[in-house]
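S.K.: Each chain, letter by letter, is given below.
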Amino acid sequence: MNRRHVLAAASGIAALALVGACSSGGSGGSGDSGDADWSIPDTDPTATIQVLGHQDADGIQEVIDAFNEDHPTITVEYESVPFDQLNSVLDARIGNQDGNPDVFWADQPRIPALAARGYMTDITDQFAADTGVWDPAPLASGQYDGRMWAVPIANSTQLLYYNVELVEAAGDPLPSAAIEDRMTWEEVTERAANAVEAGATNGLLFGQVNRYYQLQPLPMSLGGSAGGTGDDLLTPDVTSEPWVQAMEWYGELFAEGLSPLGVTPEQSDAEFLTGNTAYMVQGPWLLPKLTDAEFEWGVAPHPYFEGGEVVTPTGSWSLAMSAFSDEREAAAIFMRWMSVEHGGGYAANYASPELPASPEGKEQYFQRDVFDSDAGQLAAEIIDFETSNTAVPRLQTVGFVEFEEIIGRAFSDVANGADPAAALESASSELETAWAQYR
Amino acid sequence: MTAVRRRTRSERRSILLTALAVVVAALFILPALWLLSGSLRPSNEIFGTLSPVTWRTLVPSEVSLGNYLALLSGPFGRSILISFAVCFLTVAIGLVVSALAAYALSVLRFRGRGAVFAFVVISFMVPFEAIAIPLSQLFSGWGLTNTLLGLVLPGIGNGLAIFNLRQHFLSIPTSYREAATVDGAAEPRVLWSVYLPLGGAALANSALLIFLGQWSAYLWPLLVVSDSSLQVAPVALARTFGEYTFDFGQNFAGAIVLSVVPALMMFVLQRFFGGLEIASGEK
Amino acid sequence: MSRSSSAVSAAPSGAQRRLGASPAPRRQLRRRKELFWAVVFLAPALVAIGSLRIAPTISAVVSSLYSGFPGGVRPPVFSGFDNYLDLWGNEAFRETVLRTVVFNVIINPLQVAIALLVAVLMTRRIAAPGLWRTLVFIPAVVPIVGSSIVWSIALRPDGPVNAIITALGGRPQPFLTSPDQALASIMLIASWIGIGYWMIFLISGLRAIPSEYYEAAKLDRAGPIRTFFQITIPLLKRPLLFVLVADTVANFVLFVPIQMLTNGGPQNSTTMQMFNAYRTTYTYSSKNLGAAEVVILTIIMLVFVALQFRLLRDDDRAAKGTS
Chain A
1 MNRRHVLAAA
11 SGIAALALVG
21 ACSSGGSGGS
31 GDSGDADWSI
41 PDTDPTATIQ
51 VLGHQDADGI
61 QEVIDAFNED
71 HPTITVEYES
81 VPFDQLNSVL
91 DARIGNQDGN
101 PDVFWADQPR
111 IPALAARGYM
121 TDITDQFAAD
131 TGVWDPAPLA
141 SGQYDGRMWA
151 VPIANSTQLL
161 YYNVELVEAA
171 GDPLPSAAIE
181 DRMTWEEVTE
191 RAANAVEAGA
201 TNGLLFGQVN
211 RYYQLQPLPM
221 SLGGSAGGTG
231 DDLLTPDVTS
241 EPWVQAMEWY
251 GELFAEGLSP
261 LGVTPEQSDA
271 EFLTGNTAYM
281 VQGPWLLPKL
291 TDAEFEWGVA
301 PHPYFEGGEV
311 VTPTGSWSLA
321 MSAFSDEREA
331 AAIFMRWMSV
341 EHGGGYAANY
351 ASPELPASPE
361 GKEQYFQRDV
371 FDSDAGQLAA
381 EIIDFETSNT
391 AVPRLQTVGF
401 VEFEEIIGRA
411 FSDVANGADP
421 AAALESASSE
431 LETAWAQYR
Chain B
1 MTAVRRRTRS
11 ERRSILLTAL
21 AVVVAALFIL
31 PALWLLSGSL
41 RPSNEIFGTL
51 SPVTWRTLVP
61 SEVSLGNYLA
71 LLSGPFGRSI
81 LISFAVCFLT
91 VAIGLVVSAL
101 AAYALSVLRF
111 RGRGAVFAFV
121 VISFMVPFEA
131 IAIPLSQLFS
141 GWGLTNTLLG
151 LVLPGIGNGL
161 AIFNLRQHFL
171 SIPTSYREAA
181 TVDGAAEPRV
191 LWSVYLPLGG
201 AALANSALLI
211 FLGQWSAYLW
221 PLLVVSDSSL
231 QVAPVALART
241 FGEYTFDFGQ
251 NFAGAIVLSV
261 VPALMMFVLQ
271 RFFGGLEIAS
281 GEK
Chain C
1 MSRSSSAVSA
11 APSGAQRRLG
21 ASPAPRRQLR
31 RRKELFWAVV
41 FLAPALVAIG
51 SLRIAPTISA
61 VVSSLYSGFP
71 GGVRPPVFSG
81 FDNYLDLWGN
91 EAFRETVLRT
101 VVFNVIINPL
111 QVAIALLVAV
121 LMTRRIAAPG
131 LWRTLVFIPA
141 VVPIVGSSIV
151 WSIALRPDGP
161 VNAIITALGG
171 RPQPFLTSPD
181 QALASIMLIA
191 SWIGIGYWMI
201 FLISGLRAIP
211 SEYYEAAKLD
221 RAGPIRTFFQ
231 ITIPLLKRPL
241 LFVLVADTVA
251 NFVLFVPIQM
261 LTNGGPQNST
271 TMQMFNAYRT
281 TYTYSSKNLG
291 AAEVVILTII
301 MLVFVALQFR
311 LLRDDDRAAK
321 GTS
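Protein chains in written order, with the numbering used here: chain A, 1 to 439; chain B, 1 to 283; chain C, 1 to 323.
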């Protein structure tokens with residue numbers, strides 16, 4: 001009727017028009033599944049693909065340069081995003097449903113979740129001939145619902161590193177690197193206590209403290225499950241006896257001052273390298289950093305609980321193709337080169353040693369000079385054994401994102417002194433709620 | 001003979017209350033002093049003097065600008081420039097928008113002016129965080145993520161700036177405007193030649209409000225910028241805090257740098273425009 | 001001053017105008033011109049409101065009426081108020097809302113009360129009041145990122161605060177790592193920079209109280225406490241209320257220390273609504289559910305902001321002597 005209504009209406013209409021133009025309610029376009037109407041061509045197309053990952057751009061550039069020697073007509077534009085932002089940036093980018101990125105770094109345990117969300121292109125047919133190339137665990141990680149969604153470019157395992165001087169000062173014999181002499185967590189705890197008494201700042205340090213990747217073997221070694229059971233692994237199983245016991249042990253490490261509070265996963269390597277930590281559980285990526293260490297160090301196999309199973313963490317990154325990629329063939333060629341050719345072009349060319357996902361790649365990997373020293377040689381044997389025998393993949397469920405976050409917080413609370421049973425109960429009920437939408 | 005007049009009780013300065021004031025002021029300023037001193041010494045010295053608390057905790061053994069140099073030559077230095085760029089752009093655009101709106105809502109007359117005033121100010125006073133998430137999704141659809149414009153736009157509407165400017169415009173005698181319109185000036189001319197020159201303090205206040213709002217923005221840049229070379233200072237600082245907890249010295253230096261800018265602004269504006277009458281502000 | 005004088009000079013009584021040989025068409029023309037300019041001048045602000053406030057609100061409301069698979073690629077389906085019902089039935093969400101409310105019910109009156117006491121102290125007859133006032137105000141220029149950094153280090157188990165506590169004979173406290181103390185520690189971080197800020201407002205409010213009231217109280221032989229409660233507080237009501245509401249508006253959407261320092265923990269003890277909406281949307285990629293949380297938060301904010309506006313306007317009108 002009057003001016004103010006006109007003014008209000010004008011702005012309202014402007015708003016609605018804007019909203020309508022780019023709706024966030026329903027949107028078209030779902031990821032496609034299983035169409036074989038494209039294949040990896042024999043001759044390379046000329047194309048440009050965008051790749052999104054968390055690793056440093058300079059390091060990846062060397063890999064891309066090597067790729068371009070084999071495939072000169074495909075240009076690769078790599079964008080690096082900090083690790084803790086990768087998932088949300090990915091959500092936003094894929095949500096835009098344009099061709100950027102074509103290929104992205106996918107954390108292996110998240111692959112079922114990302115595939116279920118429709119982020120990825122089904123590549124079962126295109127990579128059917130290559131499935132024999134990889135180790136079983138990495139291969140399985142890329143599969144979900146009977147289809148293949150990602151190709152592994154790296155794998156991982158864990159070792160027990162020790163500081164020779166601190167172990168000797170504690171009066172303990174140096175641990176053996178032989179598989180048959182694998183120590184138990186109980187032994188390690190005692191040794192850590194001895195070391196702290198003898199003056200070490202930290203007795204035992206976990207590389208990826210409070211993360212599921214690192215702590216998964218603890219309850220599993222006691223006979224517990226990976227954290228979920230039932231159909232599609234969507235029933236939480238973190239309150240069983242093994243889980244509670246494992247967390248009690250873990251919480252006591254901090255309560256008794258054997259492990260430091262406040263050292264984050266990003267800082268753990270630096271902490272060990274200062275020489276103040278007696279024992280550290282960390283992956284092979286610590287080895288090149290140790291070449292500059294100012295103290296003598298050694299390696300031993302990953303411990304297990306007495307009377308329990310021997311299990312080790314595993315898994316790393318894979319490459320997946322966006323469901324909305326507009327350069328499928330080129331993207332597939334890049335992915336294939338990174339994960340299959342030359343034993344995995346990525347692992348073969350990345351400056352810092354990355355454990356490859358294939359036996360052929362591993363052979364080359366063990367030739368690297370980081371394994372030249374005596375300790376390095378022993379490390380190589382351990383790595384080889386663990387990846388082939390004791391590796392257990394993380395919980396492969398559609399609800400993995402929620403699981404990792406919730407259980408990570410529970411671990412953190414336990415480390416900070418929360419009652420383990422209560423923390424796990426609370427995590428379990430949070431998981432129930434979070435997973436309800438998937439069942 | 002002059003009588004000596006004794007000061008009455010109420011005129012004497014209270015020693016007790018002064019002491020109390022000193023204690024209160026000390027409680028507030030000591031952490032800031034610790035922050036300042038920490039920024040001027042190497043990190044391991046901060047670490048070493050955390051506990052027990054001695055005079056060493058507050059006083060550096062030697063003052064060095066190393067933390068500042070290291071911090072500013074790294075990515076944080078760039079983010080400070082980005083923050084400045086964003087804030088100045090926001091103030092420039094925001095003042096225009098606010099002054100225009102304030103003028104219309106105070107000088108021009110039309111039916112429903114009061115309702116529009118309420119609508120405008122309330123809309124902009126809703127804290128930004130509340131709608132940041134859906135807005136960032138819209139911005140993503142509009143292609144404004146990782147852009148300077150995307151960082152600037154949400155800050156241009158500040159309800160209190162408009163409120164302040166309107167109050168000030170209302171206090172300017174309308175005879176000035178009458179004189180100008182009689183001379184044939186159109187409204188924009190009146191605004192430009194009459195109201196704005198008279199609006200010094202109010203404009204400064206509003207500029208300060210807009211600047212401060214943008215300077216400490218955290219959630220919005222976090223949502224809208226993923227490219228670390230385009231990130232603003234508070235987010236960049238928070239990110240290094242997670243990574244380099246060992247390097248407290250640089251973190252402290254960053255906090256000081258972030259605080260000095262608003263402090264300087266307030267000080268300068270106070271000098272030039274007299275008592276800052278900040279009616280309120282976003283924190 | 002402004003309103004009444006402008007009424008007099010700008011528009012002499014309409015009746016007089018109409019009776020005489022009125023240049024009515026000219027007046028209408030002038031009115032239309034003013035309206036034209038009003039629309040032009042208000043356009044930028046209105047477009048800004050439309051696109052930066054209304055559009056996201058509508059978008060959030062619409063999105064909250066759909067349910068989608070996390071990630072936002074699979075098209076969501078219309079589900080009406082299901083998201084809201086789910087949130088209502090979700091114990092963790094209810095606890096989050098409760099926690100946010102309790103936090104605000106505690107911290108806002110507390111901050112304002114402390115700010116008031118400090119303001120009163122600083123307006124007594126003391127030596128060098130300006131100096132102490134400035135020292136208390138200085139933390140207010142520290143952005144909350146800075147405050148979070150300082151206090152998270154100060155409150156470490158091996159930090160200076162615990163050092164002082166042990167020196168005084170107490171036991172070191174866990175602060176940010178304890179589910180019982182983490183929220184209080186967050187309050188401390190927000191208050192250190194907030195109190196000085198609000199103190200400034202209250203000081204100007206205190207100064208506006210005419211001294212006659214205090215003199216009258218003295219004649220009545222009223223002690224300081226009676227004076228405070230019977231004179232100061234009632235006359236300070238408007239600024240006090242305004243500060244209280246403005247503080248609430250700021251604290252309700254508190255985000256930075258939670259995201260930087262505690263990530264909602266330990267044991268969700270610092271998970272408040274803003275952070276929860278952020279986590280739901282970005283960590284769990286549940287956009288529609290997150291949108292519902294945003295809508296709830298926005299509605300609560302609108303109520304507080306409308307109240308704040310009311311108080312601001314009343315306060316201002318009172319100061320200008322109109323009502």
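Calculated from the structure, these hints are not laboratory results. Computed from a predicted structure; not experimentally measured. Don't be surprised by glycine CBs; every beta carbon is placed ideally from N, CA and C. It is possible that part of the hints are untrue.
[Unchecked claim] Some chain B residues close to chain A (C-beta under 8 Å, calculated; not the full set):
1. S140
2. S226
3. S228
S.K.: Would you mind marking each hint as holding or not holding in the structure?
M.R.: Structure-based check of each hint:
no.	hint	verdict
1	S140	holds (6 Å)
2	S226	holds (5 Å)
3	S228	holds (7 Å)
The structure meets every hint from the earlier list without exception.
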